[in-house]
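A.B. asks: In case you want the letters, here they are:
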Amino acid sequence: MFQKVKFYDGKELKGWQPFLDELSKDSATGILLFVAEETPFDYKQIQPLLKEMKIEVWGGIFPAVIYDGSLHKQGVVGCALKSPISIEVIKSLSKFSGSFTEDFISKNTESLLILNDGWADNIPPLIETLYEISHKEMTFIGGGAGSLKNMTDHRLFTRNDFFAGGAIIAAVEDYIAIGINHGWQPIHGPVIASNVSGRILKSINWEPAFKYYKNIVEKDTGIKLTADNFLEVAESHPFGLLKYDNEIILRVPIRVDAENNILLGSEVPENSMLMITKGYPQKLIDAAGMAAEQSRTAFESKKKKSPTKALIIDCITRALFLEDRFEDELKSIEEKAGDSTLLFGFLSLGEVASTGDKYIELHNKAVVIGIGE
Amino acid sequence: MEKQNTSIIQKLGVSYECALAIGNSLDLAEMFHEVIHTIVHKTNAHRGIIWFRGEKEKDFRPIASAGIRIKDVLVQKGISSLNKRFKQILKRQQFVLVNKDEKDFLRYCTILTGKEESVLIIPIKNIAMIHLIYASREIVNKGLVNLLSALSQKLSVAIDACLAHKRVVEEICVREKAEEQLKKKTEQFISSQKEIKRLFAESEESRKALLSILEDATETQNALQKSEKRFRDVAVNTGDWIWETDEKGRYTYCSPVVKQVLGYEYNEVLGKYFYDFFHPDEREELKKAAFEVFKKKEAFKNFINQNVHKNGHTVILETSGIPMLDDKGNLVGYRGVDRDITERRKMEEEVLKAQKLESLGFLAGGIAHDFNNILTAILGNISLVKMYVKPEEEVFEILTEAEKASLRAKDLTQQLLIFSRGGEPIKKTTSIGRMIKDSTSLALTGSNVRCKFSIAEGLWLVNIDEGQISQVISNLIINANQAMPEGGTIEVKAENIIVGKEQILPLQDGKYIKISIKDQGIGIPKEHLPKIFDPYFTTKQKGSGLGLASTYSIIKKHDGYITVESGVGVGTTFHIYLPASEEKITISERETEELTKGEGKILLMDDEDIVLKVGGRLLKHLGYEVEFARDGTEAIALYKKAKESGQPFYAVILDLIVPGSMGGKEAIKKLIKVDSEVKAIVSSGYSNDPVMADYRKYGFSEVITKPYKIEELGQVLYRVIKESKYK
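Chains V and P, in that order, give the protein sequences. The numbering of the first sequence is this note's numbering, which starts it at 1 and goes up by one. The numbering of the second sequence is this note's numbering, which starts it at 1 and goes up by one.
Chain P with its partners taken away, still in its complex shape (with noise of 0.2 angstroms):
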């Protein structure tokens, strides 16, 4: 694996790990621990402390630490001082990165055991603050810094969820306290009645008293009648099962909820002991810890168990439990509620899901931008030593090996981004049948299953972006592939439709492209067929679900249509319906080679020197002049220069994304402002953004994605070229 590959994936790889961190748990200390020690760890930092500042507190204090302890922070000298620069760091809202060479390094850097070479501090909002330091000032570079002030801004977003769990756990406290109350008066009703029993059978001498008693007992029994009924009322409604066990385990109280809960009436269980329910998964080893709190005479609260409902599914159970003890203080039960919380362990699960994914593709499309603008350097080179050399000599098919790897690379990007779902597609008319036949055959590679392809002559051509459209062709492939373990023959079929009035199809009337792809394996049962393209559902064992799902998103997004016809043992058929393009073939998709010179003035923008030099390099080669631009205000200048000196450039070359500066989205706004004729050519290595899928709409002439070859660049200007009013 190439070195340049191996460093940006392992950036990738920690950029993941501290996203996941992030969000983690939502006890703010506990998060935020987890978050400094995996910043540090996998950053190789020398310590670490992340400051925080309450909404009514004036000073910054560290509430979680990695390579120091909190108290050995809190005797360090110079904190106050410290607390100062953390507001004005507040005030700029922006990072602060301070080596020891600096005069101000001892103020930012408190710690002090001989290795402090660099201190960063990140703020996050208003409320908090990491701070770092290195022994190494090497590691903390752009890429770090943009990395951590990415992940502060995800952080901040995870404080505040955190802080809203503690608002809703203290409210659910103060709740409880007063359901206990509740509880605690009906109890001494229920133990005053006993009394006046006992006093009306103790004496028939003391009738006299006993009705002056009884009348006011009359009275007594009225009020608990009422407590007892808003008792019963509250054990109903509550949602909630409440129930008393004796001293070993045994229901003597049943409240009917738990029906609602397990599936049994309340006097199926009284009697029964309550592991007796448990999953016997877990049966033994829930059983004696219960018991140990039971030897101990103990509260508990909050003990989440599996529980087998009576109908078989597994139900999760968050119990809390009071002991009941006798007047000698022996036990004589437990009394305590259980509530139903599989749904919300379910809940937090796909939360926990999503946020992987969400972190995940955050990050990638922040690196796959890097490491194409790498790989545009490489690629854009290669192309170019190519031109020097002739195809029948060693050295050329030597480059054009080193072409396909650096190719290979650019679909690593690719395979990164899967994770991320994300993407507008960017689209280009072109002739699906090859496309199907590659993404089949790669999907199919090392497999004992054998493909037919069945591609109709004359197929209509497509608008669609290649990339997404062949993730999907794979993504079928491969389920169909997994749904036959012992082999078989998987039918792959496209072929021109026309939708009308009598299909009864989702979709517009017009030319479509359908894709059909069968399977001769065990098939989809028919109460999953509804759920199969939600996000999570699966039926492989270890499946994330997201398969289907994102290839319905990327078909959506395409205009188009998915269906699937399953039966169990028959084996499964999807089909894929794609809108036909009126469109021709675009240049850039003829077979050919060929290298499309041309001439005049072209400005190249972007802030990478890389792609400065290799992008002029390939330019003069393609015959044309080049000048430079590091981001938009620059462009422009040079724009107008040019323009007023009557040597106006042709085209603009403009990267979409400069990091701090003006990118190509904001100077193409003011570029046609300057010239509405303007040609612009949008470039990135990937974004989210919809400018590079709609740049039309932006007021960009065409699209080129970075890593690039001289044939693509050189057919890209010639098309944009040719309706310029400067040619």
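The shape of chain V in the complex, shown without the other chains (with noise of 0.2 angstroms):
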């Protein structure tokens, strides 16, 4: 799947040129890029080299990135492939029409790599049909691109296009496995969205949903909740959807608005069931462990060997929420997922996985851990 994964701090636009020359080397059949937000990157100025490139490249803007197990504010993570790969850019989810291209999904391709504007909307019609017409023991795996301080800005980009508002999927014909988990703790519910418009949660118990949300999370944290220390106060407490097999989906709630509704990372569907839940940093790191346990076991079984190379797709609301902490969770996940294994990523708002037996889910609040080699 991966053929080398390199880091480059982004400060000079002449670095870019080696640090594209040495991703391509050696056939390497596509390039997927993580941007670290306080990087200057400046698209106009590198989609030159882009352009001059002879293999697929793409990527995305991310609030932080993850490079041998450390977080970095600045900086670019390079991911060069060495399986054949097919690309399918979506420019604008909203306008998405539910197909893709004949041959984008081949008898061959083994895995999916998602990487889609974490703040637009329209994001489930987009994974139902991935879901319709994955195959055979597909994997999916992917995580969305943006800035918890801009909405708007662009934020994926490819060779021709930098563009906000869309997804870029690659289809792979290499393996990844696949580990999901989030570690937070319900607490209160089961509540109704009795009044849903997309991310937007109006009302609750048919309750205004900002009354209803901050009764509970005073009365948990003993903090008066405002619209001003909204975020800061309900990282701790997001929503979980429930589903049958004691697995709970996160919801984050984000900010709260003049008419009393609260602003969630992605859409819930009306009138479904939501826990509050509670985050523990322990649980948490803990449960970050797992996920790589999870992916690794996965990967030995069907591989027979050791993996190399762990791509971290980790939600910025965790690394708010532990803080000082994350470098914790890091250092879980590098402890379960093997200490031959490099561990890259990005911080994401939102993520897309599926270990291929069920639907493919959009996550929250939770790490996704694609092993491969």
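Check each hint, because a few of them may be wrong.
Said to hold, decoys possible - Keeping only pairs whose Cα atoms sit at most 16 angstroms apart, straight-line, the calculated EDC-like set for lysine to aspartate or glutamate is:
hint : chain 1 : residue 1 : chain 2 : residue 2
1    : P       : K71       : V       : E102
2    : V       : K107      : P       : D72
3    : P       : K295      : P       : E247
4    : V       : K303      : V       : E110
Hints are computed from structural coordinates only; laboratory data are not their basis.
Build the complex: two chains, separate frames, hints provided.
C.D. replies: Right, here's the structure in full:
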């Protein structure tokens, strides 16, 4: 899957050329770039270099990137792929037709790498379509690009475009083993999302959403919850969507508007049942380790050898919540992924994952680990 | 939150959302799509297909799928063989669950991706099949099968509704086609009239010829007048507003029905633009959309738009129109019809609301049953362990805390059931004073409102379902609290009254407890007072409108009465009347926690192992000998055998519902035939079944709701056995 993974601090334009040349060597089939948002990245200046490349190059801007087990707010992680790939670019998810080009997924496709705009609406139809056309033991891994500070900036790019509101999907003819976990614990519920419009949660149990949520969170934290401190306080109390098999899919509350509505990180269906959950740092850290173990076990069982690289897609809100202890989360992953496994990836706004045996899920506040060689 | 509780809540959540997906659309394919995606997603299935067979169709065909496209299902091998299996399933009307290591697996699993472990097929009447494939066989347990079987019953009702709706839509299409033809004929007559006029003006010299034409024309005109009259009759009497506009959207014709629809005379509408009547919130958006259609000169159908009535209220219209073109194909205007669907929309919303609650209530009942069985084991074991510990020891305190937590979990079940509004009251004679105070205090937790109690001494006893009446008090206190956002005082009064002829109350003469709850809030306007107990009536912006409706229903089920006095700015007072009970307080209501021990043989019947295990322990500790049965049939056999051996059972505890086998309701009928003086106690976690409320009518001597503490079990047995002939 991954031929090589490199890091470049991105400070100067002239450093890009050797960085890209190095990645494209040795018959690489495509280059995936994760750019940290504080990197001085000027697409107009870099595009001519990208256009010169004879292989597919694509990527996104993220709050921070991960390389060799460390977090970087500035810099670029480049990942050269070694297996045949095909790329599908959806410029606008709101206009997504529900179909892909005929030969996008071949019978040899084993995994899909998905980069989407973390602030775009209409991600569920994309996921539903991917699920319909998936076959065999295909696995899925991806995450949302973007920044918590700015919802409108362009954040995805290919050799030809720099755009917002869309997604880039790569079909790869190689296997990547997936592990997913979050570690958040339910403390209240169930409640009904009685009025929802996309990512805007308007009412809970037929009461204004913020009023209801505030009451629970204030009781639990003892902190008065206001529009001003909302993200800071609510990051420890996300919503959870219920599934049958003791599984909870999280939705992160981001801010409250003047009408007492709560803006969520991803959509929830109207009338769905929600739990209010709480984070305990050690449980989150342990859960990340379990995700790494899950993916490593799956990889070793299928490939009968040890992995060499682990792609980590970790929700930005986990890093904000864990603060200094986020390092422990990365260490926990490192321990379980194997000593000789190189950890790389990015902090995301929403995570997409499936182990290939059930529905593809759009997660929040989760860590997704893809292990390959 | 305890892991066990979370798991049960998760199952309830999944049941609820799957049940909601059913009936979300009246289009069959759309509904099936929604249902299969929800089931597959929420139950972590690998793939899922719904197969459907129309009235005259021989074979099932895939109509909706998740995780695989229908066209890919159709090319799978073994579909005809699968159809044969479906027909066998139909005959038995039972689900089929096949695991990978069973020999027939491949006959049921036509899709092969290498991850399939279990296949579950659930029939829906004789018309459809839910076909689910799981990659983990651990998920497909008894609970999941029960859940999906329950959903399939609901789905069959929804399918009937979709098919009925389809027939109605077809009928409407036929009618619309006929109306369209009538319009065309009318247009033809109008154009022939114009042609005649043109000829008339053309030449004096052709008078003779023209006269002859006019003779024909007179006949045509008569026909035309008749046709025009027919058109006018249709336009006036149809109930739909018929109109024409010019190419800019200005009304050039308008049937008088517009008065009924929008409140304007037709001549007030002529010359106005169609978008002048749109609701301001969506005017620009709809105007833009409409002119897009104008630009393309397209016909449109069932375009939903909100308009403002002359008196200010919103009217929802369904608009259909066709373009009018000149000889060169230029747009000269639109002709169409508007139907007022405001009432229909309201009805649809109400039906949906009711359906949501019904779905939740239906499933909550089932889940609560399982939940309470588990709690019976937890609570029973705790109360048993407490017997071995001295009250002054620290362990005793810890166990008491655990016991309280279990009782809180029991309350959680009750909270889930609040949504359902269902359930016959399970009445017990009790004193209501303490309960009023407790419920009030609980409802005001965290509020800035104070409460002043005036509970009369020597309050008569009442025969009530404590849970339901506590809910009533909570509902009224919460309303009172919300009516005083700035704080204030709520006065709660309880007193004895005798209702006689002098009181104008819809109650039988007799003794009653009157509870009054008075707030200092904003009050209810006079015009709202007659409606406040109607379902879905609410003055709160986000209220469900069910609180007072369920309050009313609960009081009515207790043969009581509720009334309200209110004035804007003065406050609101609710008065509740509950009949006083002549019975003495039952032993279980004593404030004592003493253990009532006994002796003799007890037969305990329940399908849950944990209930049997803990129930057995509790009974032994209470001094009884115990034997177990797993269903009604086994219980009857054991009872007969014991009676014949001369060592009969003093009492029998029967679980009301035993899935797939004989439960307590059926068993008691047969036990009475064996022994007319059998002493039986009915036990259940939760049920809407009237047996729990009216157990004596069905032949039971007592009732005990799960989960129960050892003290409660001891007291119930004591009351039953003291009347047993075998004691």
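A.B. asks: Hint by hint, say whether it matches the structure.
C.D. replies: Evaluated hints:
1. For the given pair, K71 (chain P) sits about 15 angstroms from E102 (chain V) by alpha-carbon distance, which is consistent with the 16 angstroms threshold.
2. Only pairs whose Cα atoms come within 16 angstroms are accepted, and K107 (chain V) paired with D72 (chain P) is accepted, the gap being roughly 14 angstroms.
3. Using a Cα cut-off of 16 angstroms, the hinted pair K295 (chain P) and E247 (chain P) holds, with the two alpha carbons roughly 10 angstroms apart.
4. Distance check on the hinted pair: K303 (chain V) and E110 (chain V) sit about 13 angstroms apart at the alpha-carbon level, within 16 angstroms; holds.
The structure fails none of the hints (numbered hints given earlier).
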